[in-house]
Amino acid sequence: MNKRLIFLTLIFLLPIIFFLCIFFGSVHLDFADVISGIVSFIKNNFSIDTSSRIQLIIFKIRAPRLLMAFLAGGVLSIVGLLMQTITKNPLAEPYVLGVSAGASLGAVAAIVLGWFRFFGPFNVYLASFIGASLATVLVIFLQGRSQDTIRLVLVGMGVNAFFTSLTTFLIYSSRNEAQVRSAMFWTTGSLSGIHFKDLFPVAFGLVILILFYRLIIKELDLLLLGHQAAKNLGLNLFRLQVYLIIVSSLAIALVVSKVGVIGFVGLIVPHISRKIIGVKHEDLLWTSILLGGMGLMVVDTFARTVFSPNELPIGVMTGIIGAPIFISILNSREKNI
Numbered sequence: 001m002n003k004r005l006i007f008l009t010l011i012f013l014l015p016i017i018f019f020l021c022i023f024f025g026s027v028h029l030d031f032a033d034v035i036s037g038i039v040s041f042i043k044n045n046f047s048i049d050t051s052s053r054i055q056l057i058i059f060k061i062r063a064p065r066l067l068m069a070f071l072a073g074g075v076l077s078i079v080g081l082l083m084q085t086i087t088k089n090p091l092a093e094p095y096v097l098g099v100s101a102g103a104s105l106g107a108v109a110a111i112v113l114g115w116f117r118f119f120g121p122f123n124v125y126l127a128s129f130i131g132a133s134l135a136t137v138l139v140i141f142l143q144g145r146s147q148d149t150i151r152l153v154l155v156g157m158g159v160n161a162f163f164t165s166l167t168t169f170l171i172y173s174s175r176n177e178a179q180v181r182s183a184m185f186w187t188t189g190s191l192s193g194i195h196f197k198d199l200f201p202v203a204f205g206l207v208i209l210i211l212f213y214r215l216i217i218k219e220l221d222l223l224l225l226g227h228q229a230a231k232n233l234g235l236n237l238f239r240l241q242v243y244l245i246i247v248s249s250l251a252i253a254l255v256v257s258k259v260g261v262i263g264f265v266g267l268i269v270p271h272i273s274r275k276i277i278g279v280k281h282e283d284l285l286w287t288s289i290l291l292g293g294m295g296l297m298v299v300d301t302f303a304r305t306v307f308s309p310n311e312l313p314i315g316v317m318t319g320i321i322g323a324p325i326f327i328s329i330l331n332s333r334e335k336n337i
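Residue numbers (UniProt numbering): 1 to 337.
The hints are simulated quantities; they were obtained by calculation from the structure and are not laboratory data.
Since this is a predicted model, take the numbers as computed values, not measurements.
Take these hints with a grain of salt, some might be off.
[Stated by the list, open to error] Computed cross-link-like contacts, DSS-like style, restricted to lysine-lysine with a CA-CA straight-line distance of at most 27 Å: (1) 231 to 280; (2) 280 to 3; (3) 218 to 3; (4) 218 to 275; (5) 197 to 43; (6) 3 to 275; (7) 60 to 3.
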């Protein structure tokens, strides 16, 4: 299929999926409700009528939540794509390698222990960034020069388990119930309670990722030839890994600080993108953002409707979907070795 046609199809599907996801939740909205709510919102100079239950549901709850799902899905997908390309490992992604767990530990430590309190509202972001960076450095250091897929996965699982255990320890050591409830949010991921103001940090992270990706796009295509061939052509792989640690840790920290740990998005989306658009990184960028964003919107809609009025954490849903795919990729990789 023509690449331009694929991209235009994804662009066309984006507003349709967004609009359809607006209907579903603990309160079901019909077509007339949504249209009347949107029209009234526009007529009211894009201000929410607080007396309108429909407008409150659409613009206070579901719209910001869906936008956050799109942004977070885009960030996780691009970080996963970068990790897979730079490590030359199809199983690399923030959750599998423990980067998300590191960011989660930092966020929980900022809440429970008051780390970096003097930074005010930015203390959670800073602590998450440090945790994510530490996890990434640990994985790269423990992996060493080995290109073994299984070794990277085992190292990532070890780092993930270590940081997750520390996070759980901190949560249970706190005697403040409000802190415990707040900290538990980071362990399974959730998009509940998102407001429009929460979108800006994650949108900033996505913009930084896109700019970084565009700057190194030639190096990414060089890596398709393999590490050694890319080095022979002048690629400084160590410097590229350092840049990856900084940028990906920042982006993941911003996502985890707002929505908690969401696994397997960065694993699945790059593989789907390569199958439908090819391996050229110019094409993979926007395809991965669109697929990751729309995919997470759909998954979150299922998470808040399947047991309505109760809600499943979105990290649980992505785990149910992603774990079998992870095992499938691992098995196919072993057969090719």
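Out of the numbered hints, which ones does the structure contradict? 7
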